Amino acid sequence: MAHVTYLEALRQGLWEEMERDPRVFILGEDVGAYGGAFKVTDGFVKRFGTERVIDTPISEAAIVGAAAGAAHMGMRPVAEMQFIDFISCAYDMLTNYVATARYRAGLGTPIVVRGPCGGYVRGGPFHSQNPEAAFFHTPGLKIVYPATARDAKGLIKASIRDDDPVIYLEHKWLYRRIKEALPEGEEILTPIGEARLAREGKDLSIVTYGATVWKSLEAAEQLAKEDGLAVEVLDLRTLLPMDDAAIMRSVQKTNKALIVHEDTRTGGVAGEIAARINEQAFAWLDGPIMRVTAHDVPLPYAPTLEDFVLPQTDDIVKAARWLAAY
Amino acid sequence: MPPRAAPTQSPPIPAGLTQSQLLEIYRYLRLTRTLEERLTALYRQSKVIGGLFRSLGQEGESVGSAYALNRGRNQDVLSPLIRNLGSMLVMGAEPVQILRQYMAKAEGPTHGREQNVHFNDLEKGYLGQISHLGDMIPVMAGIALTFKLRAEPRVGLVYIGDGATSTGTFHEGLNFAAVQRVPLVVVAEYNRWAYSTPPEKQFAVKDLAEKAKGYGVPAVTVDGNDVLAVYEATRFAVERARRGHGVHFIEVKTYRRKGHAEHDDQHYVPKDELDWWAAENDPVDRYVKQLVRNEWAEERELKAIDAAVAAEIDRATDACVDEPLPAGDSALGGVYLDPPAAPRHWYRSL
Numbered sequence: 414m415a416h417v418t419y420l421e422a423l424r425q426g427l428w429e430e431m432e433r434d435p436r437v438f439i440l441g442e443d444v445g446a447y448g449g450a451f452k453v454t455d456g457f458v459k460r461f462g463t464e465r466v467i468d469t470p471i472s473e474a475a476i477v478g479a480a481a482g483a484a485h486m487g488m489r490p491v492a493e494m495q496f497i498d499f500i501s502c503a504y505d506m507l508t509n510y511v512a513t514a515r516y517r518a519g520l521g522t523p524i525v526v527r528g529p530c531g532g533y534v535r536g537g538p539f540h541s542q543n544p545e546a547a548f549f550h551t552p553g554l555k556i557v558y559p560a561t562a563r564d565a566k567g568l569i570k571a572s573i574r575d576d577d578p579v580i581y582l583e584h585k586w587l588y589r590r591i592k593e594a595l596p597e598g599e600e601i602l603t604p605i606g607e608a609r610l611a612r613e614g615k616d617l618s619i620v621t622y623g624a625t626v627w628k629s630l631e632a633a634e635q636l637a638k639e640d641g642l643a644v645e646v647l648d649l650r651t652l653l654p655m656d657d658a659a660i661m662r663s664v665q666k667t668n669k670a671l672i673v674h675e676d677t678r679t680g681g682v683a684g685e686i687a688a689r690i691n692e693q694a695f696a697w698l699d700g701p702i703m704r705v706t707a708h709d710v711p712l713p714y715a716p717t718l719e720d721f722v723l724p725q726t727d728d729i730v731k732a733a734r735w736l737a738a739y
Numbered sequence: 058m059p060p061r062a063a064p065t066q067s068p069p070i071p072a073g074l075t076q077s078q079l080l081e082i083y084r085y086l087r088l089t090r091t092l093e094e095r096l097t098a099l100y101r102q103s104k105v106i107g108g109l110f111r112s113l114g115q116e117g118e119s120v121g122s123a124y125a126l127n128r129g130r131n132q133d134v135l136s137p138l139i140r141n142l143g144s145m146l147v148m149g150a151e152p153v154q155i156l157r158q159y160m161a162k163a164e165g166p167t168h169g170r171e172q173n174v175h176f177n178d179l180e181k182g183y184l185g186q187i188s189h190l191g192d193m194i195p196v197m198a199g200i201a202l203t204f205k206l207r208a209e210p211r212v213g214l215v216y217i218g219d220g221a222t223s224t225g226t227f228h229e230g231l232n233f234a235a236v237q238r239v240p241l242v243v244v245a246e247y248n249r250w251a252y253s254t255p256p257e258k259q260f261a262v263k264d265l266a267e268k269a270k271g272y273g274v275p276a277v278t279v280d281g282n283d284v285l286a287v288y289e290a291t292r293f294a295v296e297r298a299r300r301g302h303g304v305h306f307i308e309v310k311t312y313r314r315k316g317h318a319e320h321d322d323q324h325y326v327p328k329d330e331l332d333w334w335a336a337e338n339d340p341v342d343r344y345v346k347q348l349v350r351n352e353w354a355e356e357r358e359l360k361a362i363d364a365a366v367a368a369e370i371d372r373a374t375d376a377c378v379d380e381p382l383p384a385g386d387s388a389l390g391g392v393y394l395d396p397p398a399a400p401r402h403w404y405r406s407l
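Going down the list, the sequences are from chains A and B. All you need for my numbering is the position in the first sequence, starting with 1, plus 413. All you need for my numbering is the position in the second sequence, starting with 1, plus 57.
Do not rely on the hints blindly, as some may be mistaken.
[Stated by the list, open to error] A few chain B residues that face chain A, going by a derived Cβ cut-off under 7 Å, partial list only:
(1) 198
(2) 278
(3) 392
(4) 393
[Claimed, not checked] To list a few chain A residues with every Cβ distance to chain B over 12 Å, as calculated:
(5) 429
(6) 450
(7) 452
(8) 473
(9) 514
(10) 555
(11) 563
(12) 600
(13) 697
(14) 704
If you are wondering where the hints come from, they were derived from the structure by calculation, not from laboratory data. Please read these numbers as outputs of a predicted model, since none were measured by experiment. Even for Gly, the Cβ is constructed at its ideal location relative to N, Cα and C.
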């Protein structure tokens, strides 16, 4: 058992899939000689060569479009967005071309589009985004968002093996912040579409994903100590398709649902989760479904501003306390 | 093209083509035009569900360029646009499938999910486009990249309209393909009209070829209504790409003689301009004159092809015109491989 970071686990997963399957190749900006802006693909070009680790022009639409074309021909491309904020430049290609290909034309497009997302790192408005809501609305795409090192590895491997296009969101605040013991020599695959129970509880359910899994766990720990509350934390891991059954199991047990995400509120994924709980578990609820999210502003740079805008552990504690008392 | 005096003896057939290939090219030209005329009739009978997009006057460049590719199972791949019906037929698309697709039939190639010529058969070598112009350039760059990575002697060909050279994906895709030196041929169709917008409102260059040169891509401009000239230019570009010399750009000057789609009355087009292109520069008429004048074919051979094509289109129409549309709930399947179908909403079971 070696202790590896979230970033190293992701890197291992990519590496193993490159070793396993010659159809897998990587393309993106500065992924080759430089090894990626965050060094996720460090050393890859030396091992796999420039034909399988392709440095591209600054052209996100062309990167995703070319990946799609290669995927039609049987390849398994992994496209890196240097920061996930730039995936919006490929929005048309992903939503109109890639997402519809199987439905309209029977064309498999097994691509993975991955990149560092998220805030808490003073990245400012264009290096901190969480783009999931923009794609969550698009049938034909899958979206995964690992919170642990194990899932960073297990989900990149599962995404590469999936026969449909997957957007893989990796949180840069977690890259080197969390470490986990992962078994060596054992294949780690995290099934797409399955949530993970991160902490068991009976008084209230927090449904979350990404970096706020860790903030929710901190909050749950604090609430256990200070309030004697047993808070359950569900890490969704996959947003599309969503594991409704796991959400309903938890809500039916605790009868209270707090949804937490780092993305802004209006039109965010939390609204959809709330709607599903309302439709599928209304009779079990003992309180309103509540949300803790970023405020509806672009993400600012100054630490004081960013900390105010983003959901913090203390926000989750307060919100959970309020809901538990309802 | 200036008129030439009738030769005293039959000149050699250009571009290494044989007489039977010349007749085959003629057959594809006639098939394209006759099939579109049939679609027009079906459109007027409201049997075509959506819009009808004619390639009248552009059949020459579609057929001439596609004919330059290696065709057959898993050979070269092209990506047609809305006015490249001729290219698809050359690659082996069946008229009955085109008819079904326009009429949204369940048995059609997309089972009623997509319209007009938006469908594909990658084994035969054509990839369906989407309506977002320019997007097929990066996608075809990726297909050609795969040929390069696998060291397969295959080539991609992608069409782009004059208006679509204004899109970002055109520029990103062309640049990407040029940098990667992938085996891709870009055929740019200068047909004078992007819906109602003329070239002078679309770009400030005279020829589209000038744009390609900005990316280090060799580019030529050819008479798009000269079928054999288009064939020859494409053949050169395709073989150059196949030898590993990268992207080549061919601008074909042609003219869109119908509106954007059948509903468009073309009020923005000068009538005498339309009349001139119809009378003086129709690619099929020009090709027929060339064949007959040079004694590469006899009129009776061409008439026999016309009759066979007409009968083929009749048979194809009869085979599918009364077929059913797809069942409504078939709409839920196939968004993903897994899960196989989207859930049906709860109120549909009440």
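Results for each hint:
no., hint, in the structure
1, 198, "5 Å, holds"
2, 278, "25 Å, violated"
3, 392, "5 Å, holds"
4, 393, "5 Å, holds"
5, 429, "20 Å, holds"
6, 450, "20 Å, holds"
7, 452, "24 Å, holds"
8, 473, "8 Å, violated"
9, 514, "9 Å, violated"
10, 555, "7 Å, violated"
11, 563, "23 Å, holds"
12, 600, "20 Å, holds"
13, 697, "17 Å, holds"
14, 704, "24 Å, holds"
Checked against the numbered hints above, the structure violates hints 2, 8, 9, 10; every other hint is satisfied.
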